[in-house]
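Could you build all of it, start to finish, from the sequences and the hints given here?
Numbering (the working numbering), first residue to last: 1 to 82.
Take these hints with a grain of salt, some might be off.
Here are the simulated DSSO-like cross-link-like pairs (lysine-lysine), alpha carbons at most 27 angstroms apart as the crow flies [said to hold, decoys possible]:
#, residue 1, residue 2
1, K65, K9
2, K55, K9
3, K78, K65
4, K55, K65
5, K9, K78
6, K78, K55
Each pair of labels, with its calculated beta carbon distance range [as the list claims (entries may be wrong)]:
#, residue 1, residue 2, range
7, R58, M1, 33 to 39 angstroms
8, M1, Q75, 18 to 24 angstroms
9, R30, R57, 24 to 30 angstroms
10, F82, V45, 15 to 21 angstroms
Hints in this document: simulated from the structure, not taken from any laboratory.
Every residue, glycine too, gets a C-beta built ideally from N, C-alpha and C.
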Amino acid sequence: MNLAFVLFKYFPYGGLQRDFVRIASLCHERGHTIHVYTLAWEGAVPDGFQVYVVKPRRALSYYGKNRALLHALQQAAKTQHF
Numbered sequence: 001m002n003l004a005f006v007l008f009k010y011f012p013y014g015g016l017q018r019d020f021v022r023i024a025s026l027c028h029e030r031g032h033t034i035h036v037y038t039l040a041w042e043g044a045v046p047d048g049f050q051v052y053v054v055k056p057r058r059a060l061s062y063y064g065k066n067r068a069l070l071h072a073l074q075q076a077a078k079t080q081h082f
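Spelled out as structure tokens, the structure:
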């Protein structure tokens, strides 16, 4: 099964981020494919994760950046069948 996770920003020291890695790693161990969509990724990418960092072209505000992330996820959902 293809699973998609969406994080606004990943950094290895956040509590939410550590929980995310733990949950996604368990899903990967059970045979699922892990896709991660984010605006920023800091640190090493865990084995088996496919990370997509969305870089908005002309977004100057948080709203514009989040809208670009949503658009990228909508486009991926059409082809990946999460």
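Right, here's what the structure says about each hint:
1. K65 <-> K9: holds, 11 angstroms
2. K55 <-> K9: Holds - the C-alpha atoms of K9 and K55 are around 12 angstroms apart, at most 27 angstroms.
3. K78 <-> K65: Holds, at roughly 20 angstroms.
4. K55 <-> K65: Holds, at roughly 8 angstroms.
5. K9 <-> K78: Judged against 27 angstroms, a Cα distance of about 23 angstroms means the pair holds.
6. K78 <-> K55: holds, 20 angstroms
7. R58 <-> M1: 33 to 39 angstroms: 35 angstroms Cβ-Cβ, so the 33 to 39 angstroms window holds.
8. M1 <-> Q75: 18 to 24 angstroms: holds, 20 angstroms
9. R30 <-> R57: 24 to 30 angstroms: violated, 37 angstroms
10. F82 <-> V45: 15 to 21 angstroms: holds, 19 angstroms
Violation of the numbered hints given earlier is confined to hint 9; every other hint is satisfied by the structure.
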